[in-house]
Amino acid sequence: MRRRSLLAAAATTTLAAGCGAPTVTTSDSLRGRITYGVWDVYQMKAMRKAAKEFERTHPGTTVDVQLTPNATYWTKLRTACSGGSAPDVFWLNGPNFGLYADAGQLLPLDTEGADAVFDPGDFPADMTKLYRWKGTQYGAPKDFDTIALWFNKELFDRAKVDYPDGSWTWQDMINNAQRLTDRKRGTYGIAAPVRSQENYYDSIAQAGGWVISKDRTKSGYADPKTMEGLKLWVDLIHRYRASPTLQQLTDTDPTQMFQAGKLAMGWEASYNAATFWADPELRAKIDVAPLPRGRHRASILHGLANVIYARTKYPALAREFVRFMSGKSASLIQAKYGTAIPARNGTQKPWTDGMPKFDLQVHLDAVDYSVPYPISTNTAAWAHKELQMLARAWSGNESLDSATRSLTKAMDKLLAQEGKARS
Amino acid sequence: MSPETETAGAKGAPPPVIPVTPVTSVTALDERQLRRRERKFHNRDKWWGYALIAPAGLGLAVFYLWPVLQTLYYSFTEWGPFGGTTWIGIENYRTLVSDPEVWQSLGNTLFYTVLVLLGIPVAMVLAVLLNLKGMRGTGFYRTLYFLPVVTMPAAVAVVWRWLYNGDIGIINEALAKIGIDGAYWVSDPSTVRFAVAAVGVWMTVGYNMILLLAGLQGIPQDYYEAASLDGAGRVRQFFSVTLPLLSPTLFFTTVLSVIQSLQVFDLIYMILGANTAVGPTNPAYSEGQTVVMLFFQKSFYDNQRAYGAAIVCVLFVLIMALTALQFRLQKRWVHYG
Amino acid sequence: MAETTTAQPTRPAGGHPAPGGPASERPAAEPPAAKRRVRRASRQGRLWPAHVLLSLGAVVTVFPLLWQVLTSFKSFGESTRVPPTIWPEHWQWSNFSTVFDSIPFGDQFVNTVLMTLIRTVAQLLLCSMAAYAFARIRFPGRGAIFLGFLAVLMVPSQLFLLPQYQIMQDLGWLNSLQALSVPGMFSAFGTFLLRQFFLGLPGELEEAARLDGANPFTVYWRIALPLARPGLLALGILTFLWSWNDLMWPLVVNTDPAQMPLSAGLASLQGSHMTDYPVLMAGSLLATLPVIVVFVAMQRHFIQGIAFSGMKG
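Chains as they are written, first to last, in UniProt numbering: chain H, 1 to 423; chain Y, 1 to 337; chain S, 1 to 313.
By construction, these hints were calculated from the structure, which means they are not laboratory data. Check the hints yourself; a few may be wrong.
One-sided and incomplete, this derived list gives chain S residues near chain Y with beta-carbon spacing under 7 Å [claimed, not checked]: (1) L66; (2) Q68; (3) T98; (4) S102; (5) P104; (6) F109; (7) V113; (8) A130; (9) V155; (10) L225; (11) P226; (12) S284; (13) P290.
Pulled a few chain S residues facing chain H out of the computed Cβ check, cut under 7 Å [unchecked claim]: (14) R81; (15) P84; (16) T85; (17) L162; (18) P163; (19) Y165; (20) Q169; (21) L174; (22) A209; (23) V252; (24) S268.
Cβ atoms here follow ideal geometry from the backbone N, Cα and C, with glycine treated the same way.
Using the sequences and the accompanying hints, generate a full structural model.
Structure (structure tokens):
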């Protein structure tokens, strides 16, 4: 099989070279075989379908969709990039973007003029901004996810609590979570896990705090408002006793607890909607509402982007493919398969229509009050520390004050190292 | 994981003194004659020796020794995520010495190793039972005990997480029946190391049992007969015949277990949930983290590959030292021949 | 080979006593058949505590795997139930067919078989050659080279992932059968194991052949290798087992699903936000089946190989 693909590659290159020599036309550079690196098996169908569509509309091209599970995707990608064998086009997420953009591993994407790969006007501004590094656009937003309050109607009915709606504040959520907690049955009002994107990044923004400074050099964990956003969760466990403990949440994943009907509420990302929908029994029992409001209304916006490897042999074809993936038809294909919300404005309808019993408009509306996902050059290094150190406060082993103090110190140090590496 | 290190192995038990039968062969050459001939062959043989070793040796050098040397070099550098190294001397090692995470994980790994070694007596008991005279169904038992060795970690880890679950796990459900309130085994700092070691024993007991069983079957029956003629009972036979004659196998099993345990990684990693996004938030994470897990985290996720390299070099030295120590100590308890 | 009732083959060569098998196999002084039956029955009677212990241990050992089997028959919804159900509500056989829809099972099975075969055959040949040289031929630097081999054993395998990946990348072998199999063809463990085995073999036959003018390779190939059959079998079985389940390396080096072995193919079923565990379990059961069959069929040889190898001293 290997040999066949080698031959095929050889054939296409000689073919391209053969006819490219006499008459140089733009379409010749748009032939060939490119690879597309992705990591989620549940989006494979959609990605393959989109790739097929691209091949159909661009004769002479082949797109190999390559799946590497998340566990090894990043390790491998880094090695492949340094060795020159990375896929021509691949997925990237926020936490990893800085590293690749900063090291010059990505091809800049035009967003203006005739060569524009996509028009930023067609996408949520924060999504475009997330993949912009020092004034240059490197990623074309592929999809996005927002956070909302998912709830179990059955448990609300049993406790005679009104379903949550857009008017809820933190206090409403706390009070009702307490009423919904029934330890005898083993059900809890809400889950307070140490999850950044789904939980504390949102609450920090709602409290008016910040995770990292705009110039990405300082940690925001010493800010009292940031602390407020964290305290909400610690209190839900220890003070209000409306959430399972961190140990319980470690043993059973909170999303799974919610699916099993053991949680009345959960802050969940939009990508879980398809998972919930897949279980017909669960489908009827649950729905979704906007996150409650703290000082502000906020939801973290994150999503993936398609990027082009700087050393691709087919830059023109790769650009054309990314252009296609950012276009309407590819976005609609993604929406139809339901796992991810396409980032392109006005193409989300098939996603909401596919799961009519859920009020998914909530997730789309969240874009209006969204906050971008916090990143720096080497996000992974401090994000790991962040989880580890905050967990000490969540478990009650350490006070929130002391945990955030050491976190601020560790994070500032790592950010200073980034600064040093840059200069 | 590549088979080589997963199995690991040990430095050769010194040329085993398998009872070399007094020469009864047709070619009854005396010692001196033999030696002279040997010398004559020696020079030509030399090249044969190199030639026979070359294929395996070159492969190992390219794919295994070279990476080790590279890693050693990188441990003295600052290593960019996409290549590019700067020599920084022993800086990484200096950081390492004052890094509590490193010490904690070293301690965890050693603790784990000691507990897993306690599985050897268990394997021993099983092997002795299977070797009892007239025992039936040995093939059946052997297969059952060996199953954990051949299953896929990704699937088995999920099962273990369920078993250990503090709220709904089978283990706690069983304990509840006898009135014991079970712990959150893998998310409680005080139990995690025992829980993880139990899985370690589960993984290795079948393999060790087979090694020991093989050793037991190699003990000539006459020895037992002689002992029983001397009036030794079952128990005394075990201590005066079985144990000494089995000591080389026990030694081998121990050396192997120590090396494997010090390198333990994937199943534990998954049972702690470290492969998930919220892995590091497990309250028992730092008590469960092994050295290889820390190495993996640093070099594969945190983009601190050089530091990871330093950590794994320390582990390498530790494994060598412990193995050498065991060889030193073997004279005290291992009986050859 | 059949179970305990068959007599053990005698030791390959040399005048060692044949390892004593269970007593029932030994041609002891023949008691009359009836008496023997009575004795065996009474012996079985006395063995029941052993059986109880062994069965208890077996239940504990097998329980997690049993759980895996049960889960492979549950629906996705049921598998996420808290508390979990033990017996599947509806036996969902379709999980097994879903495996075939989700990954190119046939291709990956073939890849697994080829990878395993190449690694096993190569290891048997290369390791035995080197092992023979280490055990029987004297040459300058032998000790040092052998130490180099041993050093490899003490390195955690995760260390090799990236450097080996880089080598494959430089060779242009990514996504190929070579990439899957080549690094696994060389084994320090195998060399070590077989060296021990050769050291345990009596050397007279080899000496005689040498005196007749045969070169060391001929002696190795014609005389030592046939004698080493049990050791080769043991190494072969071990290599087979480990290579079949090898996960990390294939996952890193081959991304094309058609080029993956089963272990990696199944791992790629784990999504980033959800995993259909029943399907994963079903897949891993299907994938493990051949290994179990091989073990059941070969365990007797396996144990003999280990028993005969130098490990027992």
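The hints, checked one at a time:
1. Using the Cβ-Cβ criterion of 7 Å, the hint placing L66(S) at the interface with chain Y is not satisfied: the shortest such distance is roughly 9 Å.
2. The beta carbon of Q68(S) is positioned within 7 Å of a beta carbon in chain Y (closest approach about 5 Å), and the interface hint is therefore held.
3. Violation of the interface hint for T98(S) is found here, the shortest Cβ-Cβ separation to chain Y being roughly 15 Å, above the 7 Å cut-off.
4. The interface hint given for S102(S) is violated, since its Cβ lies 14 Å from the closest Cβ of chain Y, which is over the 7 Å cut-off.
5. Annotation: interface hint on P104(S) violated; nearest CB of chain Y at approximately 18 Å, more than 7 Å.
6. Contact between F109(S) and chain Y, as hinted, is not supported at the beta carbon level, the nearest pair being about 14 Å apart and thus beyond 7 Å.
7. For V113(S), the interface hint is violated, since its Cβ never comes within 7 Å of a Cβ in chain Y; the closest pair sits about 16 Å apart.
8. Satisfaction of the interface hint for A130(S) is found here, the shortest Cβ-Cβ separation to chain Y being roughly 4 Å, below the 7 Å cut-off.
9. With a least beta-carbon distance of about 6 Å to chain Y, the hint placing V155(S) at the interface is held under the 7 Å criterion.
10. Among the interface hints, the one on L225(S) is violated; its C-beta lies about 12 Å from the nearest C-beta in chain Y, farther than the 7 Å criterion.
11. About 17 Å separates the beta-carbon of P226(S) from the nearest beta-carbon of chain Y, more than 7 Å, and the hint is not met.
12. Restraint check, S284(S) versus chain Y: the minimum CB separation of about 4 Å is within 7 Å; hint holds.
13. Hint on P290(S) is violated. Least Cβ distance to chain Y is approximately 10 Å, over the 7 Å limit.
14. Interface hint at R81(S): satisfied, since its Cβ lies 6 Å from the closest Cβ of chain H, which is below the 7 Å cut-off.
15. A least Cβ separation of about 9 Å between P84(S) and chain H goes past the 7 Å threshold, and the interface hint is therefore violated.
16. Below 7 Å, beta-carbon pairs count as interface contacts, and T85(S) has none with chain H, the closest being about 11 Å; its hint is therefore violated.
17. Residue-level restraint check for L162(S) holds (minimum Cβ-Cβ distance to chain H is 5 Å; threshold 7 Å).
18. Because the smallest distance between the Cβ of P163(S) and any Cβ of chain H comes to about 9 Å, over 7 Å, the interface hint for this residue is violated.
19. Proximity of Y165(S) to chain H holds as hinted, the smallest CB-CB distance being about 5 Å (cut-off 7 Å).
20. At about 4 Å, the closest approach between the beta carbon of Q169(S) and any beta carbon in chain H falls short of 7 Å, and the interface hint on this residue holds.
21. About 6 Å separates the beta-carbon of L174(S) from the nearest beta-carbon of chain H, less than 7 Å, and the hint is met.
22. Of the supplied interface hints, the one on A209(S) is violated, with its beta-carbon coming no nearer than about 43 Å to a beta-carbon of chain H, more than 7 Å.
23. This hint holds: V252(S) has a C-beta 5 Å from the nearest C-beta of chain H, less than the 7 Å allowed.
24. Given hint, S268(S) at the interface with chain H, holds; its Cβ is 5 Å from that chain's nearest Cβ, closer than 7 Å.
In the structure shown, a violation is registered for the earlier hints numbered 1, 3, 4, 5, 6, 7, 10, 11, 13, 15, 16, 18, 22, in ascending order.
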